[in-house]
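Undergrad: Please take these sequences and the hints and turn them into a complete structure.
Number of protein chains: 2
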Amino acid sequence: MDRREEIYEKAMELFIAEGYDRTPLSRIAKALGLAKAGLYHYFSSKEDLLFFIHERNLKRDLIPIMESAEKIKDPEKRISYLIKEYTKASMTRDASARVLIHEVGKLKPEHRKTINQSWRRFFDLFRNSLSELEALGKSKKINKTFAAFALIGMCRWTFYWFDTGRMESANELSDTYEEVFFRGILKG
Amino acid sequence: MDRREEIYEKAMELFIAEGYDRTPLSRIAKALGLAKAGLYHYFSSKEDLLFFIHERNLKRDLIPIMESAEKIKDPEKRISYLIKEYTKASMTRDASARVLIHEVGKLKPEHRKTINQSWRRFFDLFRNSLSELEALGKSKKINKTFAAFALIGMCRWTFYWFDTGRMESANELSDTYEEVFFRGILKG
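Going down the list, the sequences are from chains S and A. Numbered by our numbering, the letters in the first sequence go through residues 9 to 196 in order. Numbered by our numbering, the letters in the second sequence go through residues 9 to 196 in order.
Calculated directly from the structure, the hints in this document are not laboratory data. Warning: the hint list may mix true and false statements.
Since the list can't tell identical chains apart, any single copy or any two copies may satisfy a pair.
Claimed, not checked - As a list, the in silico DSS-like pairs of lysine-lysine whose alpha-carbon atoms are at most 25 Å apart: (1) 81 with 195; (2) 149 with 96; (3) 79 with 67; (4) 148 with 121; (5) 96 with 152.
No experiment lies behind these values; they were computed from the predicted model shown.
TA: Have a look at this one:
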């Protein structure tokens, strides 16, 4: 792990355990065996650090899923892929996702804008896939914005309750979401 | 508003604006024009206060929905009712819900247990309704635990994105959730 990664990992560990507000940079430096001044080589404030971690996580967890999904031509298959991969990502990044989402309001406007652009791209990917499905005559007339949020919420909420000790259920879980979203729970 | 309510409202306002960790009791007392000692008439610590607010919100927002839902005999109608009311509640209590959910780990074990009991009752209401639907032959064979979480996540996530200035969309939103959950987005 490079030094920067090591700092991100340790900082996130402390943010999860103690809370973002209660973790000063000096505490992070100490846990890494560094002088606080040493951290300023990597970022200029705690807010900067929070932003870098958030951006790193998006690049690691969300952006590759979007890039792969964007290559899938069929909108139904694209949505299936997004459900499966996004559910898996939500299952495994639980504690850090909670902190990052909760603290997004602490970011400077320009940093928040960068983060929001990724989420917007993600939302648009769902919403545009629903528009394509409709254009193909495959889906009902439905409010596509609300349906996209319904789907994102369904997958995303996983990180609030899923027991990460049960990763063997990952496929059954995303299959359930897919079935619910495409065809609902009722018979015929 | 009675004094206790006034304290809860002001405390929540500060927790939302400043964060729970960064709001000492002395700050809350000052905002209320009280001596800090005056607050100890109502609770014995900040953790106590957080618990009382959480419990008050559940009693105000969640428990009446459950009680009304439990009186509805037909499981499909019961689920419709839950979707509609829970979505509405998630739309309007956005900022305080974020704080309370995020800070639940700060509660003492016995307080957390009390809060979790209400959420467990809520989850069971969804899950049992799905079991009843299945027993009536109305629903597909589906993992009912996962489906219940899917539905809760769909409704709950609303508070992360919904613009409370658009409350006129409340019915369209819960109708979309209901349609997705019962019948899915695909045609035929």
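Undergrad: It remains to establish, for every hint, whether it holds in the given structure.
TA: A quick look at each hint next to the structure:
1. 81 with 195: between (29 Å within a copy, 20 Å between copies)
2. 149 with 96: between (29 Å within a copy, 23 Å between copies)
3. 79 with 67: within (17 Å within a copy, 48 Å between copies)
4. 148 with 121: neither (34 Å within a copy, 43 Å between copies)
5. 96 with 152: Classified as both; 24 Å inside a copy, 19 Å across copies.
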